[in-house]
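Novice: I would like the entire structure built from these sequences, with the hints used as guidance.
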Amino acid sequence: MRLHAIRYCLEEALASLWRQRWSAGLSVLAIAAALLVLGVFLLVTVNLDRAVARWSAAAEFSVYLRDDIAQDQRAALNAMLEGHPAVASRDYVSKADAARRFARDFPDLAEGLAELPQNPLPASIEVRLRAGRTDSATVDALAQQLRGAAGVADVRFDRRWLERLGGIVKGLAWAGWMLGAVLLTAAILTVATVVRLALHARRDEVDIMQLMGAPIGLLRGPLVAEGLLQGGAGALVALAALYGTYVAVRGRLTEAIGPSLDPGLVGFLPGGLVVLVLVGGMAVGCAGGYVAARQVR
Amino acid sequence: MYGRGIYALRDVSLVVEKGEFVFLTGPSGAGKSTLLRLLLRQEMPSDGKVIVAGRDLARLSPGQAQAYRRNLGFVFQDFKLIPTKTVLENVALVPRVLGATSVQQQRRTYQVLKWLGLQHRMNAYPLELSGGEQQRVAIARALVNEPALVLADEPTGNLDPDLSLEIMDLFRDINARGTTVLVATHDRELMRHVGRRAFSLDHGRLMESA
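The listed protein sequences correspond, in order, to chains A and B. Position 17 of the first sequence, counting from 1, maps to 17 under the numbering used here, and the rest follow consecutively. Position 188 of the second sequence, counting from 1, maps to 1188 under the numbering used here, and the rest follow consecutively.
What the hints contain is simulated information worked out from the structure, not anything from laboratory work. We put the beta carbon where it would ideally sit given N, CA and C, even for glycine. One or more hints might be untrue.
As the list claims (entries may be wrong) - With the Cβ distance kept under 8 Å, some of the chain A side facing chain B (calculated, not the full set):
1) Glu205
2) Val206
3) Pro215
4) Leu218
To be verified - Listed next, the stretches of chain B that the computed footprint assigns to chain A, with coverage defined by at least 3 CB atoms under 8 Å from CB atoms of chain A:
5) 1066 to 1080
6) 1094 to 1101
Claimed, not checked - One-sided excerpt, in silico: chain B residues whose CB lies under 10 Å from chain A:
7) Gly1063
8) Thr1084
9) Leu1190
Specialist: Pasting the structure below:
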């Protein structure tokens, strides 16, 4: 399609949208509502995904050592972890380090700990796992092996709930896409109805243009462009509402959790997804416009 | 032929030469508009052929049909102007649709409006014009693309006798410039005024030619 044709389609679409601004507004709101619901699901799943990824990256075994662990037993443990494919790194936390950490994290209880005749906290080895590159069977086997090793009091492994959370995130994403698909289909039908109304209002004009020999693309183009503009406007409204919701929720979270809320943990949709929502809205509008435009033959 | 054996036109055979001015006459329901619709390729013959400039209209693809229509000008009794567009926009729609630049659109449109004495009404909307002015705008729109053939279906049906004669004089001028003109009318007075060849239709049959 040549530039003049694109310009013609957009000008006609804008004029038509202005003429029937109330019904077009409803259509924009329908698309915005559908995309907002989808956006909320996306925002929640993206943030949960981000959290799961962070926590997975930080996932670790805490291998608590017996107070009476012998030097050679520690060496054997280190040898077991050294070069294991599931292990990214490991840190030794002495009993004194554990007490310092406890005092830092729970200052109110620090005094009580200091009053005890001896430090009850065990030394440990914190083993960080390779995020996403180890299957649970390998990790389970390692945990089992460590539990049975001499000098080990206990092994704490926090990946199971992360896997469960990951499953919930996937389920949420699925539900979001399904609900989004239903709402977007409804939005397509709404756009199609509104554009059909526009076509009805312009029927004489379209008939005259057909008699003038206007190419079919030029007859259908303004209708598709109308859908496209409605979809784009709907997507922008949805993104603005989504951003407003995000700012409000983030404010509430900061109020509830305090300044210790990790700023990297709760974020808005990444740029790619914002573009996807915008393009998706335009595609939905285009589809609705095309459904109506097919009446012009 | 329409359904259940009803013929809109039957055994019609007529040849119009390039550059000719021809009237198509007959009472209401005789088939005049159907013949024009066949020429506009809004209808297809159930039998027989409609050939314009050597091309069988039934064999044109949708794209070719649109290209064919770009060489036609049409004028209807009810003017068929777009009420939401000004006179200038109505007439400029054809060159605009055909991809002319803004300058070309304005030049062509102004030329034809000036020729039809409508240059002072360029910014008016159709409903602000008299019937005669509206029909002249419709004629301007039909001519702006310099078509080879102009089809007019009862172009004076909504006009008083003086205006009707004025419009017929315009068609005569258009024809004098080399454009083939086919006018469907039931007004024999107009045909006598213009004095050109006429075909008469009655109940879908070509009855006479004079």
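Novice: Are the hints correct? Go through all of them and say.
Specialist: Verification of the hints:
At its closest, the beta carbon of Glu205(A) sits 5 Å from a beta carbon of chain B; the interface hint therefore holds under the 8 Å criterion. Given hint, Val206(A) at the interface with chain B, is violated; its Cβ is 10 Å from that chain's nearest Cβ, farther than 8 Å. The beta carbon of Pro215(A) is positioned within 8 Å of a beta carbon in chain B (closest approach about 6 Å), and the interface hint is therefore held. Among the interface hints, the one on Leu218(A) holds; its C-beta lies about 6 Å from the nearest C-beta in chain B, closer than the 8 Å criterion.
By the rule of at least three residues with a Cβ nearer than 8 Å to a Cβ of chain A, the coverage given for the region 1066 to 1080 of chain B holds, with 9 such residues. Counting residues of the region 1094 to 1101 of chain B whose CB falls under 8 Å from any CB of chain A gives 6; the rule of at least 3 is met. Contact between Gly1063(B) and chain A, as hinted, is supported at the beta carbon level, the nearest pair being about 7 Å apart and thus within 10 Å. Because the closest C-beta pair between Thr1084(B) and chain A is about 8 Å apart, less than 10 Å, the hint holds.
The beta carbon of Leu1190(B) is not positioned within 10 Å of any beta carbon in chain A (closest approach about 24 Å), and the interface hint is therefore violated.
Violated hints, listed in ascending order, are 2 and 9; each of the other numbered hints is respected by the structure.
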